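*Asks:* Sequence:
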Amino acid sequence: MRKDLVEILACPVCKSPLELSVDSEDERGEVVSGFLRCKQCDENYPISEGIPNLLPPELRDA
Numbered sequence: 362m363r364k365d366l367v368e369i370l371a372c373p374v375c376k377s378p379l380e381l382s383v384d385s386e387d388e389r390g391e392v393v394s395g396f397l398r399c400k401q402c403d404e405n406y407p408i409s410e411g412i413p414n415l416l417p418p419e420l421r422d423a
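Quick note on numbering: my numbering labels position 49 of the sequence shown as 410, and the sequence is numbered without any gaps.
Treat the hints as calculated values from the structure; they're not laboratory data.
Errors might be hidden in some of the hints.
[Unchecked claim] Think about it this way: if two alpha-carbon atoms lie no more than 30 Å apart in a straight line, the pair counts; the simulated DSSO-like pairs of lysine-lysine are:
#, residue 1, residue 2
1, K400, K376
2, K364, K376
3, K364, K400
Given the structure is predicted, the values throughout are model-derived calculations rather than measurements.
Given the sequences, and given the hints that come with them, work out the whole structure.
*Replies:* Rendered as structure tokens:
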């Protein structure tokens, strides 16, 4: 995931801005793993293999 995308993403639950936390990056500086955290409702959205999972929590394991 490109780091600059966090500027246009919003929490699917409350529509507030998200904050990026990076666990690992590739050679181009793109996020491979980490998570996005909502600044308002404190929900976390995982990033795995460069893809953020922005499904609401109740739908992730369905």
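*Asks:* Hints first: check each against the structure and report whether it holds.
*Replies:* Results of checking the hints against the structure:
With a C-alpha separation of about 10 Å, the suggested pairing of K400 with K376 holds against the 30 Å cut-off. A hinted pair counts as satisfied when its Cα atoms are at most 30 Å apart, and K364 with K376 qualifies at roughly 19 Å. For the hint linking K364 to K400, the alpha-carbon distance of about 17 Å falls within 30 Å, and the restraint holds.
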